[in-house]
Every structure is written in C-alpha cells, then in structure tokens.
Amino acid sequence: MRKLALSDEILMKVDKAARYIGNEFNSVQKDPATVDIRFAMCFPDVYEIGMSHLGIQILYEMFNRREDTYCERVYSPWPDLHAIMKEQAIPLFSLETQTAIRAFDFLGITLQYEMCYTNILQILDLSNIPLLQADRAEEDPLVIGGGPCVYNPEPIADFFDLFYIGEGETSYNALLDLYKEMKASGKYRRRDFLIEASQIPGIYVPSLYDVDYNEDGTIASFKPNVTDVPEKVKRQVVIDMDNAPYPMKPVVPYVRATQDRVVLEIQRGCIRGCRFCQAGMIYRPNREKSFEILKDYAIQMLENTGYDEISLSSLSSSDYTQIEELVNFLIDECNERKINISLPSLRIDSFSLDVMSKVQDVNKSSLTFAPEAGSQRMRNTINKGLTEDDIMNGAKLAFEGGWNKVKLYFMLGLPGEEEEDMREIPELSNRIAALYYDTVPKENRHGKCQITMSTSFFVPKPWTPFQWARMYEPGEYLRRAKIVNDTMKQQLNHKSLSYQWHQADVTVLEGIFARGDRRIGKAIMYAYEQGCFFDAWGEYFNYDKWLEAFTACGIDPDFYTMREREVTEILPWDFIDTGIRREFLVHEWEQAKAGVVTPNCKMRCSGCGCKSLGGGICYYEG
Amino acid sequence: MKARIRFTKSDALRYVGHLDLLRFFQKAMRRAHIPMKFSEGFHPHQIMSFASPLGVGVTSQGEYLDIEITEEIDAKEAVKALNEQMVDGVSIRSFSYLPDNAKNSMASLAACDYLVYFKRGLDSSCDYVGAVKDFYESKEPIVVTKKTKKSEKEIDIRPMILDMKVGCVGAMDELLPSGYENPLPYLPMEDGFCLNDNDPMFYLFLTSGSMDNLKPELLMEALHQKMGVAFDPSNLGIHRLDMFAADENGFVSMSKG
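Chains as they are written, first to last, in this note's numbering: chain A, 1 to 622; chain B, 1 to 257.
Possibly wrong hints are sitting among the right ones.
Straight line, CA to CA, 25 Å or less: simulated DSS-like cross-link-like pairs of lysine-lysine [unchecked claim]: (1) 27/B with 295/A; (2) 27/B with 16/A; (3) 9/B with 16/A; (4) 16/A with 215/B; (5) 13/A with 147/B; (6) 9/B with 13/A; (7) 448/A with 489/A; (8) 146/B with 215/B; (9) 30/A with 27/B; (10) 522/A with 223/A; (11) 103/B with 9/B; (12) 37/B with 80/B; (13) 165/B with 146/B; (14) 448/A with 364/A; (15) 295/A with 358/A; (16) 2/B with 338/A; (17) 80/B with 256/B; (18) 215/B with 13/A; (19) 27/B with 358/A; (20) 9/B with 3/A; (21) 30/A with 9/B; (22) 27/B with 249/A; (23) 27/B with 338/A.
Just so you know, the hints here were simulated from the structure itself, not pulled from any lab data.
With the rest of the complex left out, here is chain A:
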C-alpha cells in the first residue's frame, strides 16, 4: 500500500483531502528506482485549477513516454494545509509517489498568469528549496519555468535556474538527454549543465545574463556574461501539430476540477491579430490539427476517461477550417453516448446558434459576445474586426432563436479611450436590449431580456502592439467604471441591463508584473515573506501589503505602469526571438493610434515575421 505524505490526522482536518492523495485514474505509476530522471511538474495554484490545465497534461504524457523519466505532479497546498505544513515542517511532496520535491532532479513550474508569482515562492519554500537561484546547492532540483508568462520572465528571473520559452513539445527531450548524459558521465555540475543547456533552442538561463540600467531606470544593456551563450533565445513552435504528443489518457481527478471534461485542442494560435491579445501574438502562426485526427482523439479520450462532457480548446473556434464538420460529428457521437458538448469561443452566427440550440437549453443558458469595446472607434483601435452590424445581427438571430440572456465582455482603459467610448458600452447594450423588444413579440417573451455587461481593465502585455502603452492608477479605473455605471442608469432599457467590473488594484499589480524587469523580484519575495500568496484569489489578495513591499524595496510602481514607453526603449523581454518583428509591432501600434484595422491572416499576410517559422496558416493554400 502507498504511504501518504500527510498523516490521517491532517487529512481529516483539511478541506478536500482528496486533492493531496494522488492515485487518480490514469495517473502514471512507475518505480522511481528504475528511472534516471525524476521530474516534478507544478501548477502553482490549487489542485482544481491546476488539474484543468491542458499544457501540463501534454508534458506529463510526453515525459512519461520516456522510460528513463518519471514525471509526477504537484500543486499549491491550500492555505489551510499550508499553515499546517509550515508549522509541522512537512516538506512539499509529489502526488504520485508522495516523495519530497527536493529529491527530484527537476521542478517544472508552469506560469499561466502573473498573479501566481507568490505561489511559486510558496512551492519553493514548502519544498525547502532556496527561493533564490543563486543560493541553491548542487543537489537542489533544477527549477524550470514555462508557459505564457515566460514571454517576459524577468520579474521572476531570480527564482529560476532555467526557463523554457515556447511550446514544450520541441526541446524538452534534448534538455533531458543532456542532463542524463552529464549525470551518467560524471560531468554534471549545476553551473556547467546550465551553460550547456543555454545552447538548446528555447532554453533561457537568466543567471548567464547581466542587465545594466540607465539613470532614468530604463535598461541600458542586456547581455550574456559567459562567452558563447546566445544573445537571443528562440521561441519554440510545434510545426507538425498532428504528430505532436497529446494526452490520450488524461488523469481524471476525484474532486471536481474547474475543467471537468475532455479537452480537445483543435488549433493553436489565432488569425485575428487583436492588438491587446498576447495569446494572439505569442502562439503565431495559427496551426490547425486535422479533422481526421480530432475525430479519433475525441472518441479515444472519451473512452479512456469516462467523462460526460467534451470541450473544444482554441483561441477562436469559429476560425477552424472544418468547424462545421467537426461540431456535427461531435453532436452525432455525443448524442448517442449522452455526452454534453461545450463550445467556447464560437462567434455568434446562424451556424453557431443552430448548434447551440442543439447542445444547450435555450431557456436557461446565456449567449456570450465579446465586443471588447463599446465604440466602433475603439474596436478599430484594438483591431477587433467586428462592426456594430455584426453584433446586432448576431443578437437578432439569438433573440429569434429563443435566447433572452446575453453576456457582453468589454475592456476599460484601452489606449486612446475617451469618455465617449466608455459611454458607448452601456449605450450599445441598451441598443441590444431595445432590439430584443423590437424583435420578439410580447406573447413570445419570457419576461425581460437580461443583458449583463462585464468590464475588465486593460493590462498591456509584452509582445503585443500595446506593449508600449501606459496604464492608470486604481482610482482612474474605478472612475471609468463609474461612468459606465452612471450612463447605464440613464438608459431607456436600464432595467434589462446589469453591470459588473473587475478589481482595479489587482489590475495594476498584474500590469507591474507583466512588464516588469528583474528588479521586481525583490518585491515579490518581500511580499511573500510578509504573507502574500494566492493573489489570484480575491479573499487572499492584499494590495496594501504589496504597496508596502514596493516601498520597502525602493521600487516605484508608476515606473512600470504610468509611462508610455518610447518604441526605441530596450524592453526586458527583448532578448527573446519570438519570430514577431519589432517593426510589425511598431506599425500596428501606429495603426492603432490612427484607428486603422489590419486584415486577419486568412485575408492577407501582414508580415508579422512568423512565416519564417515554417508552417501553419502562412503556408495554407486557398
């Protein structure tokens, strides 16, 4: 019988003990004595969130296909268990074999959002691994980061031995081979390994680079401090999507995960080029999986897991070439098997409404539109290729189809936003509500229509045309939300409208992390030591503690948020070669200011530079 790392007394005390016991169906069992490499894969948030992440499942599958490697999982212990582990000095452990993380060769941490940064420190702290890379001993695990936040890893550079920049499927095997070879030949020394690893495409070893700053705080230079270490690190991209590893037997959790279903990734990247969207840039070029492969994967994964629901994963499902064939195939298969289908990121049109009326209860469900901005001027600025006619036509079809609940997503604080643009958010919503009353005759209405507007505050992200844009102080964001709210109340159909807005102070902190440099790391460590963690969870987020941390570390947050950057400034992430040309981003930034729309990749190539990566939409015929 497996011995658990936590005692019965603790497991009976903590919330959802099943988060910590491993042993889930499809989890991989190996004898650790028979492998050369032990890899602990971590999502630094609670189990239910971490288990919902597709990327980890892909790497888990890929690593465990190697006979010489055993990849196990670890997630953030919830604060109740965290307190017990600190008090009783219980080291953090892997789920599969319940082994202390410090005994592993690698600790891989996926970085999906900035607000998990303090949880990285929680993981290291509970594992008894020194928080700072510079303090680690030979026998400590190599700490490697990956995921979307590595497109600017600098704020957390001091905590990592390496970063993997790009899609994990391409270079990880080379890294593991190198490690195994150096270990076997007795040549392994931590620093020697890191220097060797920096030669592998996509591997960034922050300790091998020095940053100098100008008097005004901007970066003066960023260069390797060891000869032959590459100046630029090349983003890794999978070209042959059909033959890339995929988790056909994903681990099935006991506790209900956020994503409690089969996830079918249909494509990577997006053709749209919305100027605020980091994912739309860093996953270029758009690459589809073939319909034949997806049919096979869907059936196999349903069979191997027993899930009663399947969902498509993609940035914009409607843009998948054979979306109609795929959805019709799934509807047929799933009807027979009594399986639910969830179809996120579908554009509202007659096809998608027809499909949705088949897979959900029209009376109970709501439809989601993401106009992102209220005015056409702002939608042009952000390159959301969506006109008011598109929105109104979609809404009309939806109302005719029987829906009366609509959710609308917008952003506030976009570059160049004027008061008029803010007021357009409720005004557009009001026009949609009016359309309902015009479209649906009284006798067919089930009460009022319900239009829910939701705004998030815009955070400029690296590698987007808005990477140079300024942000605002929390009070200014709230002022803008108030304008939306006040304008809503003046609308004729205000009783059909409701409005929710995002927390403003979290936005500012996210903005600091997103475009911060290496100097930020000190404040993250300070904040963690003062008790900040689970910052992505409203009930644990404490903005005052963060402000105190910046002050204590001599950091001026405004330097990172309130400044519009010159396009000539050296940005902390410039050492990455993502394939996206700087000239393209500068041009898009100018087009945004001029309110000019850029066509999508299917219409015309705009020369972003990613064609040089050799695949995807850039090479499709027709």
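Please build the complex by placing chain B on the supplied structure of chain A, with the hints as guidance.
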C-alpha cells in the same frame, strides 16, 4: 433492469468524499461500457444510488450501489469489466440483479455493522470489557442528546443497538459474525493507529437508515460518558463491515438482494 453492486473502499480512497465517489463511479460505468439507463431531460444522468454515504476517513468492506441498466449483461463479466476501471482502494465484489419491484438499497437500509478502534488517544487504563458489560448488558435506557441541523433532542439509543461486543485487534475474528471476509486488508494497519494485537476493538451492529440512524461515534461517546472518561470522536477509527435490510425474519445482508 435493476442491479446491485457491492464494493469496498479503503487505503487513500477513504479520503474521497461521497459526491466525488459518485462521480468516480459514473465515469467508471462509461469506461466499462455498462449499459446504464439515463434520466430524461436536457442533461440526462445515469440512474445510480448509494445505499448510504460513507464518511470521509471511514473504510468499508460492504458498500452498495444500485444501478439501472437497459439490457442484461453477464454478472461475472460486469464485475471483471468494472474492476479493470477501478483504482487502488476500491474493488467490486459482486454484481447481482434485483427484481424490478425491489426497493433501492437506500430505502431498504435498516442496519449496519462496524468494527471500531482507536486511531490515537487510547487510554490503556480503561477496562473496556467491563465497561461494555455495564453499558450494554444492563437494560437501562441510554439517553443521549442528538443534534440535528434544526434542533437538539434527547433520545434513548438502546433500541438502536442490535449488538455490541469488545475484544482485541489480535482476535478480531472472534468479534465477527460467521462467514465474514477477513477485514485486515481494508484496515489502515500502517498508519500508526492503535491496531496492535492487544489494543481494543469493538463490534457494533446498529440500526441505520432514515428513521433510527445511530452513528458509531455517538454510541462510543455515550459509552465513554458512562465510564466518566474524556472522549474525542476524531480519535475513533471506523470500518464498515456490511449493510442490512429488514424483513420478517430479522436483518438480511444487502448482498442477499
């Protein structure tokens, strides 16, 4: 068509809660291709019910799950197919058909029997043999305060105790009714609990179900109260042995249909 599945729950799986176990079984049924019957409606669900939820941390060698299926399948094949979809800590022991008019196990549940021990906090000066004799074999009412979500009320639990014995871990077979499977493989022997040969172990046979539900913790609390000894219910280890329905001849194991 109705069928009853008997299964065990032990090891790390004892920390998996009732609803999560239900979801685990729903997925296992699909993987094993059991032809489950579904409810009507927009989100059909499998027709499936447990006889009685098992508390988190409790082990069992006699749990029951009733299902409805759309076509007859071979019972042995079903056990085999389901066991291929289990994880360490749950195993399927039997699959048997019920008459179409059979009440489900939840409705017919009338009693459960348990082995009870100390996880920790065992007071070795206690004479449990004498205490149980005093407590159970005297015929006086045993009045306890039963707390529900709404109210507290005083009840006599004596009629709910069908049997109560004490022995020691090393001789637990003497406590068990004849024909029972050896509980040892399901008990958490390596968790450092008070499961040494000489440690006390209780056999409790208690009424259960919607009417007269007596939990082992409540009975053990009453016992200790009578003894005048402090008692912390979180120190108690509980292992469920079997569940019973009532008929004119008394109590019958759920496994007998």
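Notebook entry, point to check: Keeping to a limit of 25 Å between CA atoms, is the pair of residue 215/B and residue 13/A held or broken?
Noted result: holds (20 Å)
Notebook entry, point to check: Are the Cα positions of residue 103/B and residue 9/B separated by 25 Å at most?
Noted result: holds (24 Å)
Margin query: Checking one constraint from the list: CA of residue 9/B to CA of residue 16/A, max 25 Å. Satisfied?
Written below: Holds: residue 9/B and residue 16/A sit about 17 Å apart, inside 25 Å.
Notebook entry, point to check: Holds or violated: are the alpha carbons of residue 27/B and residue 358/A at most 25 Å from each other?
Noted result: holds (24 Å)
Next item on the list: Sort out whether residue 9/B lies within 25 Å of residue 30/A, counting only the CA atoms.
Entry: holds (23 Å)
Note to self: Between the alpha carbons of residue 27/B and residue 338/A, is the straight-line distance 25 Å or under?
What the structure shows: holds (12 Å)
Notebook entry, point to check: Taken at face value, is the distance from the CA of residue 27/B to the CA of residue 30/A at most 25 Å?
Noted result: Distance of about 24 Å is within 25 Å: holds.
Check: Between residue 13/A and residue 147/B, does the CA-CA distance stay at or below 25 Å?
Finding: Answer holds: residue 13/A to residue 147/B is near 21 Å, not above 25 Å.
Notebook entry, point to check: Going straight from one Cα to the other, do residue 448/A and residue 364/A come out at no more than 25 Å?
Noted result: holds (14 Å)
Check: Does the structure keep residue 27/B and residue 295/A at a Cα separation of 25 Å or less?
Finding: holds (21 Å)
Next item on the list: Given the hint that residue 522/A pairs with residue 223/A, test it: the Cα-Cα distance must not exceed 25 Å.
Entry: The hint holds at about 21 Å.
Next item on the list: Take the C-alpha atoms of residue 80/B and residue 256/B, compute the straight-line distance between them, and say whether it is at most 25 Å.
Entry: holds (20 Å)
Consistency with the previously given hints is maintained throughout, with no hint failing.
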